[in-house]
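Dock chain L against chain C, hints included.
Number of protein chains: 2
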Amino acid sequence: MSDMVPFKLLISREEALKRILNSVKPVRRVETVPIEKSSGRVLAEDIVAQEDVPPFDRAAMDGYAVKAEDTYGASQQNPRILRLVAVLHAGESINTSVGKGECIRIATGCHVPPGADAVVMMEFTEEMKGNVSVKDAVHPGANISPRGEDMKKGEAVLKKNEVLTPAKVGVLAALGHKAVSIFKKPCVAIVPTGTEICEPGSQLKEGQIFDVNSYTLAAVLSENGAQVTRSPVVPDSFDSLKSAVVRFLDHDLIVFSGGSSVGERDLLVKVVEETGKVVFHGVQIKPGKPTLFGLVKGKPIFGMPGYPTSCLSNAYIFLVPTIRKMARLPPIKPNTVKAKMGKGFVSGSGREQFLSVKLIGGKAYPVFKKSGDITSLAQADGYIILPINLDVIEEDEEVTVTLFE
Amino acid sequence: MSDMVPFKLLISREEALKRILNSVKPVRRVETVPIEKSSGRVLAEDIVAQEDVPPFDRAAMDGYAVKAEDTYGASQQNPRILRLVAVLHAGESINTSVGKGECIRIATGCHVPPGADAVVMMEFTEEMKGNVSVKDAVHPGANISPRGEDMKKGEAVLKKNEVLTPAKVGVLAALGHKAVSIFKKPCVAIVPTGTEICEPGSQLKEGQIFDVNSYTLAAVLSENGAQVTRSPVVPDSFDSLKSAVVRFLDHDLIVFSGGSSVGERDLLVKVVEETGKVVFHGVQIKPGKPTLFGLVKGKPIFGMPGYPTSCLSNAYIFLVPTIRKMARLPPIKPNTVKAKMGKGFVSGSGREQFLSVKLIGGKAYPVFKKSGDITSLAQADGYIILPINLDVIEEDEEVTVTLFE
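Those protein sequence lines, which keep their order, are chains C and L. Residues 19 to 423, numbered by this note's numbering, are exactly what the first sequence covers, in order. Residues 19 to 423, numbered by this note's numbering, are exactly what the second sequence covers, in order.
Only chain C is shown next, with the shape it has when bound in the complex (with noise of 0.2 Å):
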């Protein structure tokens, strides 16, 4: 049949993975942000420290600021008698200098009073009639957080570039900082095509089915640092598909959740070559063969595979690894866990097997019903992937299992 075009050929993950990030960029354009709000997004700018963190020398304990040398030989049976010339409450500060023979009575939190340059901790102190009755021998900058001892004035305490953790913000109030610039999050149009494919809430008509596939697709990208717009369905003609392209080209990356006949899925093709270039098309991986990737006026375009699961664990594979590409967001560790199979799995595809699998007494079972259904990865507590050559998985094999979450 002339309107069905075979895939010419396939490449491997690997090769098609590569081929991905080497075509698409980190966003650039910043936005500024509340501090409150940056948690987990990418710093923009270096943060240089503009001051010293604490300001000035803090007392790091409830007690008394003495000059160290007051203490020397103190002890429990041989205890100093300083005179208490001030108290200083928290958050209060004084002028008064602590002289020979003196002390202070200090909140911890407190600037440490000029002369003072040790903190004797209330455990060892007793206080009575104005006088203090040490018994403990401190050392100069005993029980102080000396100023800049977290951050000196002229350091970059945070890199551009980073990923903002609930610590990097503390940093971030620690300096002063009420708001702070990041990376905006690229943005992603999904565009559902299908003449069968109606939209959920809405009443099916004989032969279609719901749109699931932008759903799952807009979950995983947002999950990966994506803003992501939902698009209508489109209709599956050359000149829809077309008009889809050129309106959702103001958009970093255009993903079409695609039909899944080979008729529709070449009708991308066709206008991916007309208004750009087809970088592949065909993977060796089941489920998931039908991918296409190509760009259109330097554009990354994905066509991704009809079937719900195929769709789902391709955007696993490749849209997870390209967003956060694009997202400046580090690769994501795998939580993996080893575990054996609780029951064999005849692969013997050709291609690199996605196999979701349930996690059942420390034992992996496959849940992977049919490509069509997203029920086996809605039970799947993660997945293995076989390799090419593998065509038999034993009982009792060990396999490696990244989990979902």
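Hints may be right or wrong, so weigh each one.
[As the list claims (entries may be wrong)] Listed next, the in silico DSSO-like pairs over lysine-lysine satisfying Cα-Cα at most 27 Å (straight line):
1. C/55 with L/55
2. C/376 with L/170
3. C/36 with C/295
4. C/85 with L/170
If you're looking for bench data, these hints aren't it; they were derived computationally from the structure. Being a predicted model, the structure only gives us computed values, none of them experimental.
Frame of chain C, contents of chain L only:
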């Protein structure tokens, strides 16, 4: 000193966590959201399939719908010739029956027409002049996804309390749900306290430092399912703390990111004692000893240590499990790696030690400086918890590092 009450009895980390988790309840309030906003949230209803999915027998391949028995014995050398009676493009359906010796060309996803019980893949056919040469025998059901294969009408496909993943959102879409009922996020009030604490973005006065803890706590809590309200800084006085407790009792949880001095901490203890009850005050962990947990009118209240590192590490240890239980999220599966210590570390505090580490060349190096130093956590890749009775950990000893992401 009369206003500085020592810790009465330190309890273990396990005991502290047990008491907390026994005291907090999962949130019961629900809300309805569009399914595209539901990933990561917790289902508040069982989802029962109201229709079969797929809703009809679908062609799983492009090819020809046939009566399987018409193909028995067919082979490359010995094809069977069937009469083409109709053509079904994607999304089309037809009432025309497939009779004996007949076939209908069909695209993937189309409703298999009446009379047909199998689909022969395009690859094994040749079409000419209204006839189709079939070169492969197929069994009944071949290349058909039968109605209800993925989900059967009446089947409970998702259960209340499941966390929605991208695949589960796909299940909702496949069933035609436009919106879904989920549990609301528990509301948490974070109250920074301390006379010396100043909001980032403002000008520090003598003796002041910027508020760090409410920002790190907000980030950690938000990442773990909380809806966070950050209060302005509350001064350290009994009345201010008490009125903050009263004001935020309409929240599910109140977290004071407390003052660092004993006096300040004790004020909150007194407020909780007067308005409710203290469950514990003081944990055998370093840093983070001065953690307070109590209940006021049944509402859980935390007093976190004032030092940024202590506050944040205790947030990982205590607040994360707490808020996840309240949000009905499963406990985090920690992503751990084994590593050898790159450098020895002397603990010997008589408490468990939370030690933040950086992984360099596969070895774990302690980055903990002092409790006040937020940069130590910002630079860490993860942490190890050293047991109470361990005084020293030697270089090259193997440890389990819990990664921060």
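The hints, checked one at a time:
1. Restraint check: the Cα-Cα separation between residue 55 of chain C and residue 55 of chain L comes to about 18 Å, which is no more than 27 Å; the hinted pair holds.
2. Annotation: proposed proximity of residue 376 of chain C to residue 170 of chain L holds, straight-line Cα distance about 20 Å (limit 27 Å).
3. At roughly 17 Å between alpha-carbon atoms, residue 36 of chain C and residue 295 of chain C fall within 27 Å of each other, so this suggested pair holds.
4. With a C-alpha separation of about 80 Å, the suggested pair residue 85 of chain C and residue 170 of chain L falls outside the 27 Å cut-off, and the hint is violated.
The structure is inconsistent with hint 4 alone, although it conforms to all the rest.
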